[in-house]
Each structure stands twice: as C-alpha cells, then as structure tokens.
Amino acid sequence: MKQVSFKVQVYISLAVLVCVFVIGQFFKTGLVQNIGWIVIGLLFLINPVWPKSADWRNHDELKKGIRIGSVLVIIVFGFWVRYGV
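In numbering that gives the first Met the number 0, the protein residues as written are 0 to 84.
Keep in mind the hints are simulated off the structure, nothing from the lab. All values derive from a computational prediction rather than experimental measurement. Where a beta carbon is used, it is the ideal one built from N, C-alpha and C, also for glycine. Some hints could be false.
Stated by the list, open to error - Each computed DSSO-like pair below joins lysine-lysine, with the alpha-carbon atoms no more than 27 angstroms apart:
# : residue 1 : residue 2
1 : K62       : K27
2 : K1        : K63
3 : K62       : K51
4 : K51       : K63
5 : K1        : K51
6 : K6        : K51
7 : K6        : K62
8 : K1        : K62
As the list claims (entries may be wrong) - Restraint-style ranges between C-beta atoms, simulated for each label pair:
#  : residue 1 : residue 2 : range
9  : V3        : R56       : 32 to 42 angstroms
10 : V7        : V75       : 18 to 28 angstroms
11 : K63       : I34       : 18 to 28 angstroms
12 : G29       : D54       : 35 to 45 angstroms
13 : V21       : N57       : 18 to 28 angstroms
14 : T28       : N57       : 41 to 51 angstroms
15 : S4        : D59       : 12 to 22 angstroms
16 : L13       : I74       : 16 to 26 angstroms
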C-alpha cells in the first residue's frame with residue numbers, strides 16, 4: 000500500500016477538523032471535536048510523514064518524533080481539553 004504524502008495528510012486532517020466543527024455546531028456538542036482530534040492523532044501515529052524540507056534528517060528519529068507528537072495530540076486535544084463544556 001502506498002504511503003500518503005505529508006501534504007495530502009495535512010489536507011485530510013484539515014478536512015476532518017472542518018467536518019467535526021460543523022457536526023459539533025449542528026448537534027451542539029463539543030465531544031465531536033475531541034473525537035476529531037483523536038482521529039487526527041491516530042492518523043499521524045499510524046502513518047508518520049514529514050515535509051520534504053526535513054527529509055535530510057535521520058528517518059528513524061523523524062518517525063519517533065512524529066509518533067510522540069501524535070500521542071501528545073491525542074492526550075492533550077483528545078482527552079485533556081474539554082471543548083464546549
């Protein structure tokens with residue numbers, strides 16, 4: 000299976016954020032936004048990609064850093080921040 004590029008993955012993340020914002024506003028609940036951040040974190044956790052400008056670095060360190068960042072996104076924006084409460 001071909002890996003999705005960084006640019007496409009950022010566009011997918013932006014589309015997810017817009018969709019969960021609209022759904023959250025429509026149903027008047029903030030929990031949907033937390034679920035959206037968890038989905039985005041899982042997206043980068045499963046498929047760690049980086050921009051081409053950082054491609055000169057060690058790829059193992061880049062993967063580890065992106066996975067750590069995605070876990071932080073899941074913890075902070077998915078579980079810790081309470082949107083709409």
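Hint check results:
1. Under the criterion of a C-alpha separation no larger than 27 angstroms, the hint pairing K62 with K27 is inconsistent with the structure, at around 37 angstroms.
2. Our distance criterion of 27 angstroms between C-alpha atoms is met by K1 and K63, whose separation comes to about 20 angstroms.
3. In summary, the hint linking K62 to K51 is supported, as the alpha carbons are separated by about 14 angstroms, within the 27 angstroms threshold.
4. Note on K51 and K63: the hinted pairing holds, with a Cα-Cα distance of about 17 angstroms set against a maximum of 27 angstroms.
5. This hinted pair checks out: K1 and K51 have alpha carbons roughly 17 angstroms apart, not beyond 27 angstroms.
6. Between K6 and K51 the alpha-carbon distance is near 10 angstroms, which keeps this suggested pair within the 27 angstroms criterion.
7. Straight-line distance between C-alpha atoms of K6 and K62 comes to about 16 angstroms, which keeps the hinted pair within the 27 angstroms bound.
8. Between the alpha carbons of K1 and K62 the distance comes to roughly 17 angstroms, so the proposed pair stays at or under 27 angstroms and holds.
9. At about 20 angstroms, the beta-carbon gap between V3 and R56 misses the expected band of 32 to 42 angstroms.
10. Roughly 24 angstroms separates the CB atoms of V7 and V75, a value that falls within the hinted 18 to 28 angstroms.
11. Between K63 and I34 the beta carbon distance is about 26 angstroms. The supplied range of 18 to 28 angstroms therefore holds.
12. A hinted range of 35 to 45 angstroms holds for the C-beta pair G29 and D54, which are about 37 angstroms apart.
13. At roughly 40 angstroms, the beta-carbon separation of V21 and N57 lies outside the given 18 to 28 angstroms, and the hint is violated.
14. With their beta carbons about 42 angstroms apart, T28 and N57 fall inside the hinted range of 41 to 51 angstroms.
15. For S4 and D59, the Cβ-Cβ distance of about 19 angstroms falls inside the hinted range of 12 to 22 angstroms, so the restraint holds.
16. For L13 and I74, the Cβ-Cβ distance of about 21 angstroms falls inside the hinted range of 16 to 26 angstroms, so the restraint holds.
The structure fails hints 1, 9 and 13 (numbered hints given earlier, in ascending order).
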